Every structure is written in C-alpha cells, then in structure tokens.
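Enquirer: Assemble the complex: chain Z is given as a structure, and chains S and E must be docked to it using the hints.
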Amino acid sequence: MAPQNPLTPAVTTVDSAMIASAPVQKVVDLCRAMSLWPMTFGLACCAIEMMAAGMARFDMARFGAEVFRPSPRQSDLMIVAGTVSKKMAPAVVRLYEQMPAPKWVMALGNCAISGGPFKFKGQYGIIEGVDQLVPVDVYVPGCPPRPEGLLEGLFQIQEKITGRRWWPLPEGFEPSPAGPDSAEVRKPASGEPETGKEGS
Amino acid sequence: MREDLIFSYERENRAVVDDHVSGQGCSVYMDRTRLADAAAMMLEAGYALDDITLLDVSEGIQGQYRFTHWDKQDRVTIRTIAPHDEACFPSIAGVYPGADWHERENMDFYPVNYEDHPNPTPLLLPDDMAEEHPLEKREKDRVSYFDIVPGQKFIECDSDHMLCSCALNLHSAKKDEFPLRCIPELRFKQPDMPANMRLEVEDGDFYSKHFETTYSDDRLVLNMGPQHPSTHGVLRVVLELDGEYVIRAEPVLGYIHRMHEKMGEVKTFHQYLPNMGRVDYLHALAWNHAYCLAVEKLADIEVPRRAELIRVITNELNRLSSHLLWWGAYLLDLGAFTPIMYAFEDRERIMDLLQVITGSRLTYCYFVFGGVTCDVPGDFAERTRSIVHTLRDRLPMFTALVTENLILRKRVEDIGVIDPSMCRRYGATGPVLRGAGVAYDVRMNSPYSVYDELDFEIPVYDGHDAMSRYMVRMDEMAESIKIIEQALDLLDGADDGHIIKKAPNAGFTPPSGEAYAAVEGARGKIGVYVASDGGKKPYRVKLRAPGFSNLSLFAECAQGTLLADAVSILGSLDLVIPEIDR
Amino acid sequence: MMNFAAIPEPALRLVLCIVALAVFIGLNGLLLVYMERKIAGHIQRRPGPFEVGPHGVLTPVADALKLVGKQLVAPEGADKWLFWTAPILSFMPIFVLFLPIEFGPNLFGVETNLGLLLILAFAGFNVLALCLAGWGSNNKWGLLGAARAVSQSVAYEIPLLLTVLAVAFMTGTLDLGEITAMQGAWPWQWNVVTQPLAFVIFFTCAVAETNRAPFDVPEAESELTAGFHTEYSGMGFGLFFLAEYAEMIVVCSVATILFLGGWKGPFISGPWWFLVKMYALLTIMMWFRWTYPRVRFDQVLNICWKWFIPLALANLLLTAVLVKVF
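Chains as they are written, first to last, in the numbering used here: chain Z, 1 to 200; chain S, 201 to 782; chain E, 783 to 1108.
Only chain Z is shown next, with the shape it has when bound in the complex (with noise of 0.2 Å):
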C-alpha cells in the first residue's frame, strides 16, 4: 500500500546544462523568469491578497505568472503567503523539496518574514520567518502587502533570474545603482530622511 503522503518523495538528479553556452543560458533564463508558475501554498490572511493579485484587477497573468499549478512537481515558484505554524512546518519543507529545480521562494508578508503579529515573548507556535525552513528570495513585507507589493517581488525575482529590472519603476524611485545584490536599501527619489543604516 502507497504511503499517506500526498506526494512521494522523489528520486532526482541535477545534470548539468547540455548546452552550457552563455547566450543560450541567457535565453533560457529569460525564459524561466517570464514564465513563473506560483504554487497555491496560502496559509492565511496574505492567501487572499494573493488571489488577488492573480485577478481582474491586477492580473498577474500579464507577466506570465498566470497558471497557479496546485502541485509542487509543476510550478517553480513557492509564494508562502501566511503565517508558517510548527504543526505546517514540515509540510513547508516537504513542498519545497518536492518542488524541481530551478525554484524560487517568495515570502508574502510580515508573519513569513519574520512571524509578523505573531511574534511575542513566549510564543508556542509559529515560525518566526520561513527563512528559517527554506531559503527565500525575495521578501515582501506588509500585513497583508497590497497586490502591487506582490507584483513587485515578482519584478524582483524575475530582476535576480536574467540580471536586469524589465518593467517600469514606481513614480518617484529611482533604480538601485549596484545591481540587485547589492546591500543597499532603496531610496525614494523625493526628500525622505535616509535611514543611516547602509551606507554604500
């Protein structure tokens, strides 16, 4: 009789590239960051500003993230949206490991950042941040974080696959200088007081 899990752990290898020519590399990535399929994975209140994101209004089919796949064997792109519990966390790394790769990890909002709300002196439950499950790309704060914030972690991502910024920059933001890897907080163009923290 097969085993309870929905889904079986798996038995796979990483072969290099057949091809390992970097123009080919470059159109391949390009291909992978126009074309991330999220994984239904919300957890609670940040789920639904993810389905959302994902209708009429802010349609986040425009950019290829359209095909929300329900099985983590299909998509590439694991949105932790909610708040992450002890009881959920081995079905988080399960999900993540089930997942082939390349694949990429967005934590939504403030309880999958950091455990959000949640967090307080003496908390049984929760998982202070996914990142201490799996390892995270890019983070999106906000409880919940508009749609839009959504919209801008995926432009992040897709920046940190090809190496470039592809759409357009808010009003009033200026692109960072160093690159997307860089330590460096982006600074809104208008006189906000600099947070003193990062220098270059």
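It should be emphasised that the hints constitute simulated quantities derived from the structure, not laboratory data.
Because the structure is a prediction, the values reported are computed rather than measured.
Please note that the accuracy of each hint is not assured.
[Stated by the list, open to error] In silico DSS-like links for lysine-lysine, alpha-carbon gap of 30 Å or less:
(1) S:701 with S:467
(2) Z:160 with E:820
(3) S:736 with Z:119
(4) S:272 with Z:121
(5) S:467 with Z:86
(6) Z:86 with Z:119
(7) S:467 with S:272
(8) S:467 with Z:119
(9) S:340 with Z:119
(10) Z:86 with S:340
[Stated by the list, open to error] Covered, in the sense of this in silico footprint (three residues per stretch, anywhere, with C-beta under 8 Å from a C-beta of chain E), are these stretches of chain S:
(11) 528-542
(12) 605-614
We put the CB at the ideal spot given by N, CA and C, even for glycine.
Expert: Frame of chain Z, contents of chains S and E only:
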C-alpha cells in the same frame, strides 16, 4: 462570606438572572457531577451549545458552558468548577456531539481531563506539545474568581428556572449514584518524541496513524490537504473511501493556530485590537465589533450614535465582500473559473472604499473602545451609495449566469443535508442554520448596536442542503445592501461624533468583571468573552468562532457522500480556517 | 495548390507529410496555449498575457522553453518504465491521427478508405497513457485520477462511435476525403443539417474524450491536486499538455470534416475554410471551459450511459432506416 460562597458554589447552585449588562443572560452554578444530566435536560428543552470556555482561577478551573435558545430570549451559562489537583469534568460529548471539539481544545490548553471523551486527542496543538498547556496560568498570576466577579453579584436562586429545580433534585437523588471518577490514565499521553522538531519526511504522521487504527482492508485512506487547492486555507481532512464514497471523514486542525487566546493575555486591551482583524480576515470588522462590544460592556462605555451607524455600515460592507469571496471561491471549488473574477471585481470596489476610511484593504482594525478611529470623509455617503447600487444591479447577473445553471444546481442541490437537530447538537449558526430552516440571526434575536432600528429580513430556506445555504447567502447580500442604505440615510442626521469624548486611551484598564458579546458574522455567531481582573491585560479572552462549530458537524454530515460532494459541502459551510484554529 | 498526391515516391511523401504535420502541431500547440489564455482573460475581463512580447505572443514560447529546462523528477517507488512511457505514449499517436485528415483538396497525408477507423483506433491510446501515468506515479491521487479518466474515456467512446457510424451510414464510406467530397460548399449542404443530433452528441463526447471542462474530472484540481499528472514535472507535463491540445485539434478537425463540410466553403473552397471552421470549434471548446462548472463524476457517467448512448443509438437506427428507405 467568601468561604460560604465557595462551598455553596460547589454543592448547590446559585443563579445570576439576566445580567444583561454583561451580556451573559443567566448563569447557573452547579456541581460538575451533574453536568451530563443538565446537558441532556438542556438538549431536550431545545438549547443549542455555543461553546465551552475554561477560566483558570485560584479556586480551580471553572468551566463555562454557554447555551442559546433560538426562539426564546434565553442565554444560559452553566458554570462548574474543578479544583486544580482534581481537574476533570464529565464529557457531554455523548449528548452534544459539538462538545467533542470544544473539550479537545480545552484539553490542549489546560491541564484538564474530560471523562469518557470519545476521542481525547490533540485538536489545535501539535501532538508533541501534549504536556504543555499554554493557557494555564502560573501560580503567581492566578486570581480568585471573586476578584473578577464581586461576590454580591450572586443572588438567590430563581426557582422558576429549569436548571435550578433540576439541580436541586439531582443533587439529592443522584449524588451517590454517579460519583465522579478522575482517571489520569485516560488523558492523552504523547509518545516519546525527540526534543527538536521533526522535519524529515515520514510515512504518515500521528493523525494518519491514529485514523488508521480502525481501518479495514478494502478501503482507501486518503489525505486532503493541508496544502489544498480549494481556497479554504490549511484544512486537512483524513478520509476513508470505499471507491468514491466517503465512509469516514475527520478534519485535522491546528495548522494555522496563531495563539490568539494566549495573545489576549499577553497584550493589553488596546494592543489586542489588531488581532481581531486577523482571526477571520474576511469579516474582520465583525470580530472588531464583538471585542469592542465586550470591553465596552465591561467598562460601561457608551458609543455615540454616529459611531454606531458607521460601525453598522462598515460591518455590512465587509459582510458583502465576505459573501462575494465565498461565492467566488465556492464556484472555483466546483470548477468554474470565471465567477471568482467577477466577484473580486466587486470586492475591489468595496475594498477601495473601506481603505479610504480604515486604512487597510483586508485586516481592518478600525473600531476602538468608544467608537471608531476616525470619521468618514464627506463624500462617503455618495460613494457608498453608488457602489451599492452598482452591486445591486450586478446581483441578477450572478443569478442568471450561475445560480440558474443546470450543472451548478446538480452539484449543489440535495448535497450535505444538515437539519435543525444537527445544528442544535453541534452549535451551528449563521447561514448553515438558516439554510436548515431556523430563523436565528443575532442581529434580530438579540439586537446590538442600532440593528433594532433598521428594517431588514432574515432569509431562511428550508431545503437543509447546500443549495439552501447558497441561496441564504445570496439573499443576505441583498439584505445587507438594504441595511447600508437605511443606515446611510440615518447617518446624515447623526452628528454626535465618531467616538465619545474621553475615550479610553492606550493605557486603559477596565474595571474587573466579565462580559460576553455576540455578533452576527458572515459565517455565523461570533462570541467574544473577556474577563478582567482590573489589570492592564485581560485575564482571559475566549473567541467563539462560528466556523469551529460549523466544521465540527462535517464528520457526521459527510458520511456516505461522494468525494466531490464532500468538497461541495466544505464550500457550502463557508470556512475560514484561521478563525477555526485561532 | 499543393498536390501531395503528385509526389511519386510514397515513402518520400509520407516523410514530408510527417514533417509538415510536426510543424503544424508544434505551431498549433503554441497558438492554442496563447489562445486559451487570451480567451480566458477576456472572458474574465482582464488582458491575459500581455507583457511578454507584444501582446503576450511570446508567452507560450517562454513556457515551452522553461518546461524544457526543468529538472526531471520521478517519485520514489514509481515504476520507471511506466512513468516515463506514459507521456510519450500520450503524444506519439497524434501523428497517426492527423494522417488521414484532408486539409484541402488533395492535401492529406495518407489516402485510405479507412481513415475514420484509423483515427478512432489510435485515439484510444490516450486512455492507456492515462492509465500508465496514474499507476506509475505511485500516488493515490494519481491513481484516483487515472481510474476516473479511464472510465470516462471508455464510456464516451461509444456515443462517439455511434454518431460517426451514423454519418458513415449516410455517406456510405469511411474515407474522410470522400465524406468531404459529398458535402457541398454552402452551409445548408453540410452534414450538420441532416444530422444535427449527431453533431451535438459528437461534439459533447469530443469535449469529454479530451478531458476538457465541464468534463475535466480527471484533472479536477480542487479535489485531486492535479489528478493523474500530479507527479510529472518539466517536459513530462509538457508532453501531456501538448497531447491534450493536439487531441483537441484532431477531434475538431474530424467534426469539421464529418459535419461542417471540411475544406469546402462558400465562394472559394480551400484549406482556409477548413482552418476557419476548426478554429471556430476550438474557440467554442475553450469557451465552455471558462463558463461552466465541473460536472460531478457520477453525473458524467450518467449522462453518457443514460442519455447519449440511447440517443445516439436512436439516431443511428433512424439513419439506417431512412438510408434504406430513400
């Protein structure tokens, strides 16, 4: 005086009759040995079980059993107490099957035992936390029950009350016949587990193994969830299937348990307000409302009329957006991908409007003790009216496109029969109850805020099936629109401010006491119980989630149905799992 | 006009034909993916793919290349042979299915007087592929999905056959070329006028055979995660996807030839009329998907066994009688 009362609390009963100020109705104190009989008597008299709350005081652990009658204006709380060294109660799950889950939850959070409980396994907490009881108070934090509720609140027993006479008779007749046994071995014991969290993959976890202990060979045991495409959230249902038919279904909860009741004791009264938006994020303002009503009862704060009207309008707008999302998600479960898009379109308009007022799109934290945080802008009435008119014009399109579709009707009619007796035994409320033919709505039966001034109807359908529940919610949308329009008309004349002068500020400590407030949410009756000992933080906050009681009847309701129908039943119950798990 | 029949060497003709078909299927795969997304988008009042390439036309290309570049995973305990044979088996018969179809005057792969039989026989391979996929995945959900798919496909083949037989009775041949030749250029001369019930039944059975909504129970997402292809990633999944679209094209082509006059049309007949009719039927199929909820599985089988088969039989009987009499 105090000693006297403690003894009398245990052996006789005293009734506090109609303490409407605290919102509790009648409280009957009785000995725990007589609980099962009292419960049987209540069921026969037609009372439904709302919830079972525990309160950890220095005298022991007090169990509060709340009952409501749908027709009479009678809300009864039966209170019993068990000393700390002998903390067990008889289980009433044999009488009220809905008590099964309430008692399991209590066993998770407090070191109590329920005798003869049919299934004493963890409900919300992970099974490796069986020895920890998060809501148990430390010795130095406990206060006496009489610090919370002053002794003079007890009055002589009203011998007209059914339970008082019952208790007196039972006390004399059956005390020796049914002594209470407190058997520690019957409590759930966690198996030996490593100290760190298990992250490795295993063949089935505690719940699958527990389910399989009564499983016969030619049936398939399947797990639905916790990651599941139906947009309910993290619900896991373990199913035993015979071909396509569901023989047994057991929901497993706790995957999104976010410690709301513990946070109620850790945060101050004001700091707890944002939590209320996240319990049931689809109808967040109803939870806001319930909590604010409870604390306002406690501290005897009056809310100005304008604030009440604003509360009603925003509450009903939120109910509309909740029902729209339910509709879209239900149809998505049934395989139609388009209606959810239309529903979200309307929802976005409502959310834009509410964002202007409250500042949030989803998890609102707008109500505050004494009123609302800020007043509505000048063009609010006009915008609301136009949005509501647009929505009203779209509702016939929803009906024509979806409700009258033959395929949908075949998926939804005669599915998931839930009749009134089932609702009573499980404590189901809201559209589930109204789809079973019972006209019970907290807004009508025990009106709060300004609902008694507004003219609206409660849609009730007699079909007992998923179609009736569907129609109840569709009609409720039209009724909410009516309520909003009437309230907008009244709003023009109310200009006494959006919050009282001298509203409590952030360091506010209400006087000691207990209060219970019930509100009609989109999913059913929301109850918030707040007990304060005069300190900065609440002593106990209990959140009665309608989805909890509604889901507890799923196991009985889904027996013998097809797998596809089980999904349809879950959709028709309108579940939001974070509300159930709290 | 290309005259395939004029190429003397049959082997060369076959090879050229297969190459042309491969190109046709490939391009159509991309086109249909795009069309589906756009139709879905517009029914749902949103743009659909828009940014990837002008108006989103490069989206299917991006999807295809991404799927090619995905890691291939197989579940532990899955039968390697069955697991990897399933998508290939699902896709390979497609080529055979296209061979007898006449796209235009003398524009076909293989001229055979048993064209219909060939198509119906090879369309049954899909069922086998689903079976292998479900069983080979070592996954209960996949198994359930495969079981449902098999029952559904087997059931709906019968009314399909019966309606095709009705047309065959009427025209007296199984050769697709001759069936086209027997219909006229104008809509009232097409077979749909003489066999309307057969057309409706055929089209609905076609929707059920290709597992499209409202009969997409085998892939019912909200119940079974992703049904029989839960465990497939990357190109395995891509092949199933492509096979589904290719089968849709086949059934719409067959419907066009049998009922809508094939490549004949008003004014100037030719392959463009064939394409127009085929794409119209495909659009209707896609329209169904985004409008109706899913029919429950026992209702799916009920409709087939209690409604379609008796109706198709009655239709066949009536046709036989009328053909004999007139």
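Enquirer: Checking one constraint from the list: CA of residue 467 of chain S to CA of residue 272 of chain S, max 30 Å. Satisfied?
Expert: Outside the cut-off at roughly 37 Å; violated.
Enquirer: Would you mind confirming whether the straight-line C-alpha gap from residue 467 of chain S to residue 86 of chain Z stays at or under 30 Å?
Expert: The given pair, whose Cα atoms are some 22 Å apart, holds under the 30 Å limit.
Enquirer: Please verify the coverage claim for the region 528-542 of chain S: does it have three or more residues whose C-beta sits within 8 Å of some C-beta in chain E?
Expert: holds (count 10)
Enquirer: Please work out if residue 86 of chain Z and residue 340 of chain S have their alpha carbons no farther apart than 30 Å.
Expert: Roughly 29 Å separates the two Cα atoms, so the pair holds.
Enquirer: Tell me if the straight-line CA distance from residue 736 of chain S to residue 119 of chain Z falls inside 30 Å.
Expert: This hinted pair holds, its Cα atoms lying about 20 Å apart.
Enquirer: Verify the proposed pairing of residue 160 of chain Z with residue 820 of chain E, using a straight-line Cα cut of 30 Å.
Expert: 28 Å, holds
Enquirer: Is residue 272 of chain S within 30 Å of residue 121 of chain Z, Cα to Cα?
Expert: 45 Å, violated
Enquirer: Would you mind confirming whether the straight-line C-alpha gap from residue 701 of chain S to residue 467 of chain S stays at or under 30 Å?
Expert: 25 Å, holds
Enquirer: With a Cβ-Cβ cutoff of 8 Å, does the region 605-614 of chain S contain at least three residues near chain E?
Expert: holds (count 5)
Enquirer: Would the pair residue 467 of chain S and residue 119 of chain Z pass a check requiring their Cα atoms to be no farther apart than 30 Å?
Expert: This hinted pair holds, its Cα atoms lying about 12 Å apart.
Enquirer: Has the given pair, residue 340 of chain S with residue 119 of chain Z, been kept, meaning a C-alpha gap of at most 30 Å?
Expert: Holds: residue 340 of chain S and residue 119 of chain Z sit about 24 Å apart, inside 30 Å.
Enquirer: Are the Cα atoms of residue 86 of chain Z and residue 119 of chain Z separated by 30 Å or less?
Expert: 13 Å, holds
Checked against the numbered hints listed earlier, the structure breaks hints 4, 7; every other hint is satisfied.
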